Amino acid sequence: MNPKKFYGKLEPEKVILWGFLMLIMSGTLLLWISNYSYKPLTFIDSLFTATSAVCVTGLVVVDTASDLTFYSKSIVAVLIQLGGLGVMTAFTFLFILRGARVSLQQRYYLSNSLGLESVSGVIRLLGHIVKMTLAIELFGTLLLFGKLIDYYEPLSALGHATFQSVSAFCNAGFSTFPGNMMPFSKDIYLTSVIMILIVLGGIGFVPLTEIVGVEKRGKRLSPYCKMVLIMTVMLIVLGCIFLFLSEHCRSNQQISVFQGFWDALFQSVSARTAGFNTVDIGKVSPLGSFILILLMIVGASPGSTGGGMKTTTLGVLLLSLYSEILQREDVVFFGRRVPYSVLRKAVSLAIVYVMTIFLSSFIMGFMEPYSFREILFEVTSALGTVGLSTGITPKLSTGSKLLLILLMFWGRVGLIIFFYGIARKEEKGRVTYADVNVPIG
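The sequence shown begins at 37 in our numbering and counts up by one.
Hints may contain errors.
Said to hold, decoys possible - Quick list of the computed label-pair ranges, beta carbon to beta carbon:
1) Met-391 to Leu-362: 23 to 33 Å
2) Ile-80 to Leu-362: 44 to 54 Å
3) Arg-380 to Gln-290: 48 to 58 Å
4) Tyr-358 to Leu-395: 27 to 37 Å
5) Val-293 to Ser-62: 44 to 54 Å
6) Tyr-187 to Ser-407: 33 to 43 Å
7) Leu-330 to Ser-377: 24 to 34 Å
Since the hints were made in silico from the structure, they are not lab data.
All figures in this text were calculated on a predicted structure; none of them were measured in a lab.
Just so you know, even glycine gets a beta-carbon here, dropped at the ideal spot from N, CA and C.
Sequences and hints are given; from them, build the entire structure.
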């Protein structure tokens, strides 16, 4: 049976696309109105902020701490929450809260938004996702509040704690603190909580659900979950080591070895789509910027609150390289063969991702007077929905801001649509073509 005929004329990609667009436009109007009597925002700045929030990026053209009202910050937090959960996930849950019955068409759209191949058990998974999200964010809020009360009044501390918890778990990078997390770079407790929230949000909802299920029922983790965990740990560790060597060991900074290591660890965790920073990114060395760019390109895991090329994409490419070096016919991971179709999707996604970065950097280079390193960093941050910046974002021209808006939207939604497009099962052709030998390398 053709799913399109059975579930309706609208394909899931189009539903997700229009859902995100409507949420962004609604957020743009609300931000423009709510901040009008305080520090009026231009339409472009309102659109940029709303897009950055919905796409959980964190790039800002206005200072969240000082330029936005309480209501505007609340709107940003809601947009981050809805964008982090995903439009279909959030809207379907709200639909269920009204006591309405979820149709097969809605289940089909939801399963596609979560990257599932079947609608079976999707509503139960939705319940787990919402419960885990609320539980983790509430726990994060309580942990942050317990420390922030040393710096702020109770009500203000609660507001900061709630916003930071939501932003960290959704890998958004927005902060209500002036200077992001730099004022708290030496506070091990606060930065540890933020890092834990970032990692939990970046792992992905399906692996998180599976890990909880393993703990409860004693089942084994799937190869997919193992790959996510292995790649996450590997990227954090390697990123931390290389950043420490590039920044602390080369710059002879007047800080302790432990502080240099801790800053490197925080930025290694944050660079893969979270966007929080404990150091001035504009002062990072060229080598450090390159390492951060590589981490931003990889990003988080599929079905998570983060963006990027995804950890599993890199994992599949590395497995393919390893098999090619050993001249093995099959790519194997934990006793399971990785299908050729998955390898092809990984290569396609990586090529499209890298081409988008360089083409966008080339275009922005014509519009801005900044160095190519700064432009490349900004473009990679936008496409990876990271939010780290060398400080040039508010100074960009309207054309460059619009380009970054498109990149943030493409990084959060476009890549999903692209992946779904190539992930569909192809109909078997009636013609089998002869092989052609193309020398490589």
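Evaluation of the provided hints:
| no. | hint | result |
| --- | --- | --- |
| 1 | Met-391 to Leu-362: 23 to 33 Å | 29 Å, holds |
| 2 | Ile-80 to Leu-362: 44 to 54 Å | 52 Å, holds |
| 3 | Arg-380 to Gln-290: 48 to 58 Å | 51 Å, holds |
| 4 | Tyr-358 to Leu-395: 27 to 37 Å | 30 Å, holds |
| 5 | Val-293 to Ser-62: 44 to 54 Å | 48 Å, holds |
| 6 | Tyr-187 to Ser-407: 33 to 43 Å | 36 Å, holds |
| 7 | Leu-330 to Ser-377: 24 to 34 Å | 27 Å, holds |
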